[in-house]
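Put chain B on the given structure of chain A with help from the hints.
2 protein chains.
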Amino acid sequence: MARRTGRRPGNPDTREAILAAAREAFAERGFDQASIRAIAAAAGVDPALVHHYFGTKDQLFLAAMNSPIDPGELIPRVWNGDPDAVGERLVGAFLGIWDSPAGTAAVALLRSAVSNDWTARLLREFMLTQVMRPMVKAAELDPAEAALRVPLVASQLVGLAMVRYIIKVEPFASAPTGALVAAVGPTIQRYLTDELPGAFDHLR
Amino acid sequence: MARRTGRRPGNPDTREAILAAAREAFAERGFDQASIRAIAAAAGVDPALVHHYFGTKDQLFLAAMNSPIDPGELIPRVWNGDPDAVGERLVGAFLGIWDSPAGTAAVALLRSAVSNDWTARLLREFMLTQVMRPMVKAAELDPAEAALRVPLVASQLVGLAMVRYIIKVEPFASAPTGALVAAVGPTIQRYLTDELPGAFDHLR
Chain A
1 MARRTGRRPG
11 NPDTREAILA
21 AAREAFAERG
31 FDQASIRAIA
41 AAAGVDPALV
51 HHYFGTKDQL
61 FLAAMNSPID
71 PGELIPRVWN
81 GDPDAVGERL
91 VGAFLGIWDS
101 PAGTAAVALL
111 RSAVSNDWTA
121 RLLREFMLTQ
131 VMRPMVKAAE
141 LDPAEAALRV
151 PLVASQLVGL
161 AMVRYIIKVE
171 PFASAPTGAL
181 VAAVGPTIQR
191 YLTDELPGAF
201 DHLR
Chain B
1 MARRTGRRPG
11 NPDTREAILA
21 AAREAFAERG
31 FDQASIRAIA
41 AAAGVDPALV
51 HHYFGTKDQL
61 FLAAMNSPID
71 PGELIPRVWN
81 GDPDAVGERL
91 VGAFLGIWDS
101 PAGTAAVALL
111 RSAVSNDWTA
121 RLLREFMLTQ
131 VMRPMVKAAE
141 LDPAEAALRV
151 PLVASQLVGL
161 AMVRYIIKVE
171 PFASAPTGAL
181 VAAVGPTIQR
191 YLTDELPGAF
201 DHLR
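Protein chains in written order, with full-length UniProt numbering: chain A, 1 to 204; chain B, 1 to 204.
Keep in mind that the hints are not guaranteed to be accurate.
Just so you know, same-sequence chains aren't split out, so a pair can sit in one copy or run between any two.
Stated by the list, open to error - Think about it this way: if two alpha-carbon atoms lie no more than 30 Å apart in a straight line, the pair counts; the simulated DSSO-like pairs of lysine-lysine are: (1) Lys168 with Lys57; (2) Lys168 with Lys137; (3) Lys137 with Lys57.
Hint data in this document are derived by calculation from the structure and do not stem from the laboratory. Being a predicted model, the structure only gives us computed values, none of them experimental.
Chain A extracted, bound-state conformation (with noise of 0.2 Å):
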């Protein structure tokens, strides 16, 4: 997670307090009907003091699921340079979180995703709020079919994770990220920008 630096740690109990009241809140009510106010209530403490230690809705949301990265940070960054090569770039960048330090957070996460229903819920929002949203601004995709493009992307990527970091079958899981990038890339380019003959049928 990116922590700003001028931020104060504050009361460890505190802190957990807010993150529980705001996993609940999150998982229950989804991001956008969740409210600081409202987590601030469910912890007893003032919402000022959730934005001292958080900062925004988002970044609160980004510490409440232990999130290795800002997706919100990360994609616009993905998208500067080359459009016909944002899928390699983006295969290259996930692929770095998972090999970096942060990947172990990673791996936590999407374990606990997958063995519980309430860990999937917040992982559900954060795909749709904290992965899509960016993402269909920085490529500038029609709403009705980014439903299906940004899902695809991350059918994609997290299935990547999964045969390489988690069941990791050999020699796939030790293969170099340049091998995986030359071939997952033109996927995602093709999800994101492509035509997709077929996939959108059932919306008009």
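Below, chain B alone, put in the same frame as chain A:
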């Protein structure tokens, strides 16, 4: 699992003892090194009884994994037809399993593989011996390339199952099967049959 109708169910305790010994042997030693003889000895039964209850070593493995399908049967069937539509048929068959009553067992298997290193080892052996081998044979793949191509296919299919059936991102989770076949079929086709420039450089 495809259970042979002619086979006797046998004593439930004996069956479970054989399955437990099989799981341990397949996870510890791998499919090829695990012998029916050693599994029978660990379960305290005669090897002939293992064959009598479960059939071949492949069939014992499928039973031990509680696998909802036998890929050795499914894969050759999928290859039967227009070679340019193998990708679409494979995605259709895969989604068909998850949407059938067998989908519950598939969800349980994936959940268990993610939360449990031991099940992950079994699933890895399963992919290598039960999925990779029939796929290499059916698609007539170069074995060195297959070690990348088949896990690429697996990554897309496993990720599809994760996003659609476990994390359940809407409206993706309830999109018609045909939309996903149209979108993902060409990805699978490309992983199996296209050149994938740059993906095999490390093998040369």
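How the hints compare with the structure:
no.: 1; hint: Lys168 with Lys57; verdict: between (35 Å within a copy, 23 Å between copies)
no.: 2; hint: Lys168 with Lys137; verdict: between (34 Å within a copy, 23 Å between copies)
no.: 3; hint: Lys137 with Lys57; verdict: within (19 Å within a copy, 52 Å between copies)
Every hint, counting from the list given before, is met by this structure.
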